[in-house]
Structures are given as C-alpha cells and as structure tokens.
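Enquirer: Using the sequences and the hints, build the whole thing.
As given, the protein sequences belong to chains A and G, one line each in that order.
Numbering-wise (my numbering), the first sequence opens with residue 1 and increments by one.
Numbering-wise (my numbering), the second sequence opens with residue 1 and increments by one.
Treat the hints with care, as some may be off.
Claimed, not checked - The following label-pair restraints were derived from C-beta to C-beta distances:
id	chain 1	residue 1	chain 2	residue 2	range
1	G	P10	A	R22	31 to 41 angstroms
2	A	T76	G	S3	23 to 33 angstroms
3	A	R22	G	K68	21 to 31 angstroms
Just so you know, the hints here were simulated from the structure itself, not pulled from any lab data.
No experiment lies behind these values; they were computed from the predicted model shown.
All C-beta atoms in this analysis are idealised placements derived from N, C-alpha and C, irrespective of residue type, glycine included.
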Amino acid sequence: DAGVIQSPRHEVTEMGQEVTLRCKPISGHNSLFWYRQTMMRGLELLIYFNNNVPIDDSGMPEDRFSAKMPNASFSTLKIQPSEPRDSAVYFCASSYSGDTFFGPGTRLTVL
Amino acid sequence: GDSVTQMEGPVTLSEEAFLTINCTYTATGYPSLFWYVQYPGEGLQLLLKATKADDKGSNKGFEATYRKETTSFHLEKGSVQVSDSAVYFCARDSGGYQKVTFGTGTKLQVIP
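Expert: Put into structure tokens, the structure is as follows:
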C-alpha cells in the first residue's frame, strides 16, 4: 500500500492567495483527519470525516478554512484567502481499526 | 475532556543510555493508548499500542505498559541509539470515529 498521499509536499504562496491541499487516504480507511503542526501550537486537529461525512470541524481556525471529502479516496483542505500565520505543516491522516496513519505532510509558507 | 500529558522535552541522552518518557492520560472510559514517533521532516508513525489494562506494547526495542491504576503509559527503551532521535507523542483514543488525542510531544536527542 502506498500509504496516505498528500500533495503538494511544499507550497509557497503570497498572502491573499487561495491554497488547496490534497489528500488520498489509504484504501478501505473510513476516517480521515486534517492536522496542522507548528512550533508554537504543536499538533492541532482541524477537522475529521467518517464515511466522507464531516463529524467535527471545531478545530478549523476561521471561516477562511474549509475542507471537503467528495468520495472515499479524496479530500481537500482549502484556505482562502491565505495569511502568513497559516504557515505550518498540514498533515492528513486516515484510520480504520483504531490505528491512525499519517501522510508526509504539506509544508505551507505564506509570504 | 480527554487529554494526554507527557513530559516536557527536550531529552538529551548519550548513546546506549536508558530512556523513559512519562505519559499520563485522563481516565475517561477504557481507551486504547498509543505512542507515535515523528522523525525530522516526516509525518507521525505508530510506534506501539496497548488496548487494555496491563497490556504491554512493544516495537523496535521500545516498550510501554498500560497502567490503569496510575493512568500511565510510560515509554521505555533499554539502550537508545542515535537513530532514535525524534519527537515522541503519547496518545489515546477519544470518542468514536477513531479520533485520537495527542500529547504535546517530547523531543529526544541521542548523542554519540
């Protein structure tokens, strides 16, 4: 299995631009999680889905953030407009039987 | 709510030293407990887990025992290597849908 796949691995953008992060979970996993990691705040859970349905988005910091999961094999996290304080590593993770598998992350830099 | 508390880092050890990273969890329900490891520039990886009281999880020389009486799940390794340098996260499952609550992470640096 290829594991959780995230793209892009690195993204550099300017403040005000739209950013879309993509994730392909492990086949057969029915839960998907988006995390953000920074030095200041550590690992934060932003939103998670079960069977493609958003369960809890209370970790999404602002309305500028949105996430979708149109099918079992694809999810996106969008930031519009982006701000410098959004700079972080964003991880997607998936789970089926309680073991959570993380992707390699997308390092986002907003200038 | 559910939470996990682990010791502050960084922890610096010499190669072949004994490692302990303390972790305690809130005692709501009967959670499964996990240790994850994050190497530089990578995502978190499951290191070991335990699903019920007195279970011992082990992997790559690391061990942790699920202690219900002390609500603890301390990570140990008898002899660390430079390659063990990483950030270690203690975690518990919380609620449904396989959601996991993570501790703040403990950075381990092993020097030759």
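Enquirer: Each hint needs a verdict: does it hold in this structure or not?
Expert: Hints and how they fare:
1. G:P10 x A:R22: 31 to 41 angstroms: Since the Cβ atoms of G:P10 and A:R22 sit about 33 angstroms apart, the hinted range of 31 to 41 angstroms holds.
2. A:T76 x G:S3: 23 to 33 angstroms: holds (30 angstroms)
3. A:R22 x G:K68: 21 to 31 angstroms: violated (41 angstroms)
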